[in-house]
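Asks: Here's the letter readout for the chains.
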Amino acid sequence: MLSVKDLHAEIDGKEILRGVNLEVKPGEVHAIMGPNGSGKSTLSMVLAGNPAYSVTSGEVNFMGKDLLEMTPDVRSHEGLFLGFQYPVEIPGVSMVNFMRAAVNAKRKYFGESPMGATDFLKLMREKRAIVELDNKLASRSVNEGFSGGEKKRNEIFQMAVLEPKLAILDETDSGLDVDALRIVAEGVNKLRTPENSAIVITHYQRLLDYIKPDVIHVLYKGRIVYTGGPELALEIEEKGYDWIKADIDSQDAIKGEA
Amino acid sequence: MAAVDQYLSLWKEHHSLVDSNAPEALNRLRPWAATSLEKHGFPTLKDENYQHTDIEKILSPDYGINIGRVRINVNPSETFRCDVPMLSTSLFLVVNDAFAETAGCRDMLPNGVEISSLASYARNNPGFIEEYYGKIADISNPIVALNTLFCQDGVVIHVKKGVKVEPTIQLVNIFNNNAPLLASRRILIVMEEDSEAKVLVCDHTQAPKIDFCSVQVVEIVARERSRLDLYDLEESTHRTARLSSLWMRQDADSEVLLDSMTLYNGITRNEFHTRFAGRHARLRMLGMGIEDESRKLDTYSRISHDVPECNTDELFKYVVDDDAVGSFAGLIYVAEGAVKTEAYQSNRNLVGSDSAKMHSKPQLEIYNDDVKCSHGTAIGQLDEKQLFYMMTRGISEEQARLMLKQAFMSDVIDGISLPPLRDRLKLMVERRFAGEQTACSSCPVGCNDAHNDK
Chain A
8 MLSVKDLHAE
18 IDGKEILRGV
28 NLEVKPGEVH
38 AIMGPNGSGK
48 STLSMVLAGN
58 PAYSVTSGEV
68 NFMGKDLLEM
78 TPDVRSHEGL
88 FLGFQYPVEI
98 PGVSMVNFMR
108 AAVNAKRKYF
118 GESPMGATDF
128 LKLMREKRAI
138 VELDNKLASR
148 SVNEGFSGGE
158 KKRNEIFQMA
168 VLEPKLAILD
178 ETDSGLDVDA
188 LRIVAEGVNK
198 LRTPENSAIV
208 ITHYQRLLDY
218 IKPDVIHVLY
228 KGRIVYTGGP
238 ELALEIEEKG
248 YDWIKADIDS
258 QDAIKGEA
Chain B
20 MAAVDQYLSL
30 WKEHHSLVDS
40 NAPEALNRLR
50 PWAATSLEKH
60 GFPTLKDENY
70 QHTDIEKILS
80 PDYGINIGRV
90 RINVNPSETF
100 RCDVPMLSTS
110 LFLVVNDAFA
120 ETAGCRDMLP
130 NGVEISSLAS
140 YARNNPGFIE
150 EYYGKIADIS
160 NPIVALNTLF
170 CQDGVVIHVK
180 KGVKVEPTIQ
190 LVNIFNNNAP
200 LLASRRILIV
210 MEEDSEAKVL
220 VCDHTQAPKI
230 DFCSVQVVEI
240 VARERSRLDL
250 YDLEESTHRT
260 ARLSSLWMRQ
270 DADSEVLLDS
280 MTLYNGITRN
290 EFHTRFAGRH
300 ARLRMLGMGI
310 EDESRKLDTY
320 SRISHDVPEC
330 NTDELFKYVV
340 DDDAVGSFAG
350 LIYVAEGAVK
360 TEAYQSNRNL
370 VGSDSAKMHS
380 KPQLEIYNDD
390 VKCSHGTAIG
400 QLDEKQLFYM
410 MTRGISEEQA
420 RLMLKQAFMS
430 DVIDGISLPP
440 LRDRLKLMVE
450 RRFAGEQTAC
460 SSCPVGCNDA
470 HNDK
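Those protein sequence lines, which keep their order, are chains A and B.
This note's numbering puts the first residue of the first sequence at 8, with every later residue one more than the last.
This note's numbering puts the first residue of the second sequence at 20, with every later residue one more than the last.
No wet-lab data here; the hints were simulated from the structure.
Each hint should be verified, as a subset may be incorrect.
Partial pick of chain B residues on the chain A-facing surface, computed with a CB cut under 10 Å [claimed, not checked]: (1) 25; (2) 27; (3) 379; (4) 381; (5) 400; (6) 402; (7) 405; (8) 408; (9) 409; (10) 412; (11) 416; (12) 419; (13) 422; (14) 427; (15) 433.
Listed next, the in silico DSSO-like pairs over lysine-lysine satisfying Cα-Cα at most 27 Å (straight line) [claimed, not checked]: (16) B/445 with A/143; (17) A/115 with B/404; (18) B/404 with A/228; (19) B/31 with B/76.
Ideal placement from N, C-alpha and C gives every residue a C-beta, glycine not left out.
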């Protein structure tokens with residue numbers, strides 16, 4: 008489904024990703040962990056196509072197509088979804104208009120006519136229920152005046168509407184209390200199918216108690232330095248990242264000397 | 020030759036013709052107007068209050084003025100349809116510079132409101148015109164002076180004591196002629212004590228290939244406890260110049276909303292000169308300018324708090340694109356002794372291209388300590404984070420930009436107190452940003468191509 012090969016990317020001339028390799032197969036859930044500043048959010052932004060970041064080398068293949076050639080909206084149509092760590096507030100654009108524009112843009116891409124009002128409202132109602140999102144938020148501006156938990160639930164709601172093949176959830180657990188975390192995680196689980204995949208970026212084991220990953224990666228200094236099964240998350244929870252950092256730093260030092 | 024000379028010589032050669040086609044109450048002020056123009060001329064870009072609109076240049080072509088009151092053979096009253104349906108307005112027209120009524124326009128008006136041609140009102144009520152005409156506007160202002168020199172007709176809206184006018188009064192200024200034309204348009208609104216009215220003024224140009232120039236003066240007196248909402252919507256053409264100067268006096272406890280919206284225009288100068296003359300009066304000013312291609316919009320406002328305890332809230336927003344130029348200069352003046360004044364002014368602008376320009380000059384002049392005032396301006400671009408967020412949801416960049424521009428104007432649109440107008444304007448602004456030529460889509464007159472015709 009997703010194949011990332013030796014991906015290098017920078018922002019403002021500073022290299023953040025230094026050769027990321029990642030393979031995600033249909034139905035898999037991958038977790039990406041790593042200390043602050045390791046490049047986790049950058050990876051998600053680059054995959055979603057944020058123009059602020061520039062890819063300097065490497066390849067990304069998504070569903071058999073060159074992902075890096077696509078604009079962010081086309082990536083969305085092709086089935087990529089990014090759940091933002093910090094969902095953006097858009098004053099003056101109502102949730103309803105925002106979602107209608109999103110839904111109809113996708114339909115247009117696939118040569119379908121815009122969705123009728125009744126069907127659209129029904130769709131909204133159904134999908135809101137998945138994350139227990141209050142109906143009142145629909146008439147508000149996008150994310151404006153939403154609590155931290157509502158913003159994150161709103162991300163999962165949007166994901167539910169857009170039905171992506173691959174969802175990248177960037178620290179969806181940050182800023183959530185236990186109840187909100189459960190609702191968000193259950194929402195993600197309800198949307199799982201044998202075909203679609205997810206990349207869950209998180210700092211904590213906590214989220215992974217709810218969303219069971221198949222593979223766990225540790226990103227450090229812009230590269231994936233460890234890959235393992237679910238037990239890796241428990242080890243990190245227990246011992247922190249220092250042992251990984253020390254290991255990689257010493258390897259780098261040896262390389263430097265050589 | 021300075022542009023002013025052609026108007027002064029026209030006046031000198033034909034003043035008896037001008038006078039013979041207008042009532043005495045209007046003629047009385049013409050010599051003062053001529054003297055003012057002789058003395059001051061037209062302002063140039065060096066003039067502090069006209070830095071971004073070259074009045075001299077706008078007025079230098081020989082447009083032609085219909086001082087002989089030759090009947091221009093157009094009858095838009097039969098073909099004009101309002102683009103704001105469901106407003107159930109009482110519709111009156113000004114064709115070029117002549118007042119015209121539409122069928123049934125008075126049917127819904129209550130007793131105690133007079134809407135009339137200025138010329139005929141001046142003949143029937145000379146005392147009223149003498150009391151108000153030219154009394155609020157300052158004749159040393161070049162737009163006022165030029166208008167007064169040639170004004171032969173206009174519109175009077177006179178709402179008598181305690182009368183609450185329910186249907187919105189709609190006044191449509193239409194340009195339609197087969198040769199260039201300058202029209203001196205005049206609107207006089209007198210709101211007596213405890214009266215209420217909502218007025219929508221729309222500017223349209225129906226002949227897109229002809230040069231027009233509107234020289235308009237609006238005078239408003241809002242007496243004690245009166246309430247007036249005045250909406251002004253310009254949808255003209257690239258070849259239309261509009262010089263508008265509004266003058267208002269607000270007495271105690273009056274409440275006024277002035278909402279100025281420019282959707283399509285050529286070159287426009289809108290001036291607002293307002294003064295509080297009694298306590299506890301409130302003024303809300305909203306403005307919206309959507310400027311693209313080579314259009315220009317210049318707003319100047321001077322709000323004078325001469326007495327204590329009045330309240331002003333002013334918000335102007337522009338979106339400028341392509342090679343368009345926008346400017347806003349606003350002064351809130353708080354006199355010595357005008358204590359407990361509350362006055363807020365804000366001008367926010369989106370600039371969408373490298374060659375578009377926006378000038379902004381928010382000003383406060385305060386001569387006492389006991390006030391709450393603020394002013395601010397912002398000029399910026401669309402938020403890249405918002406654009407990216409929308410695109411990750413599948414919304415194309417073009418559509419996202421359009422939605423964000425629309426969103427930018429939402430607080431101005433939401434300030435409209437007439438729900439049908441608010442809803443309609445939302446749609447009109449959306450279509451405007453989408454580049455559809457829709458503004459007059461429901462009007463069959465045939466200026467549907469007007470907005471794209473340079």
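Asks: Hint by hint, say whether it matches the structure.
Replies: Hints, verified against the model:
The restraint placing residue 25 of chain B at the interface with chain A is violated, with a minimum CB-CB distance near 47 Å, outside the 10 Å limit. Because the smallest distance between the Cβ of residue 27 of chain B and any Cβ of chain A comes to about 49 Å, over 10 Å, the interface hint for this residue is violated. Taking 10 Å as the C-beta contact cut-off toward chain A, the hint placing residue 379 of chain B at the interface is violated, the least distance being around 21 Å. The closest approach between the C-beta of residue 381 of chain B and any C-beta of chain A is roughly 21 Å, which is over the 10 Å cut-off, so the hint fails.
Violation of the interface hint for residue 400 of chain B is found here, the shortest Cβ-Cβ separation to chain A being roughly 14 Å, above the 10 Å cut-off. The interface hint given for residue 402 of chain B is met, as the beta carbon of that residue sits about 8 Å from the closest beta carbon of chain A, less than 10 Å. Restraint check, residue 405 of chain B versus chain A: the minimum CB separation of about 5 Å is within 10 Å; hint holds. Look at residue 408 of chain B: its Cβ gets to within about 4 Å of chain A, closer than 10 Å, so that hint holds up.
Nearest Cβ of chain A to the Cβ of residue 409 of chain B: about 7 Å, under the 10 Å cut. The hint holds. For residue 412 of chain B, the suggested interface contact is upheld, since its CB lies about 4 Å from the closest CB of chain A, less than 10 Å. A hinted interface residue such as residue 416 of chain B counts as satisfied when its beta carbon comes closer than 10 Å to some beta carbon of chain A; here the least separation is about 7 Å, so the hint holds. Taking 10 Å as the C-beta contact cut-off toward chain A, the hint placing residue 419 of chain B at the interface holds, the least distance being around 8 Å.
The interface hint given for residue 422 of chain B holds, since its Cβ lies 5 Å from the closest Cβ of chain A, which is under the 10 Å cut-off. Taking 10 Å as the C-beta cut-off, the interface hint given for residue 427 of chain B holds, the closest approach to chain A being about 6 Å. The restraint placing residue 433 of chain B at the interface with chain A holds, with a minimum CB-CB distance near 9 Å, inside the 10 Å limit. For a cut-off of 27 Å, the pair hint linking residue 445 of chain B to residue 143 of chain A stands: about 22 Å separates their Cα positions.
For the hint pairing residue 115 of chain A with residue 404 of chain B, the CA-to-CA distance comes to about 24 Å; that is within 27 Å, so the pair holds. The straight-line distance between the Cα atoms of residue 404 of chain B and residue 228 of chain A is roughly 25 Å, inside the 27 Å bound, and the hint therefore holds. Pair hint residue 31 of chain B plus residue 76 of chain B holds up; C-alpha atoms about 22 Å apart against a cutoff of 27 Å.
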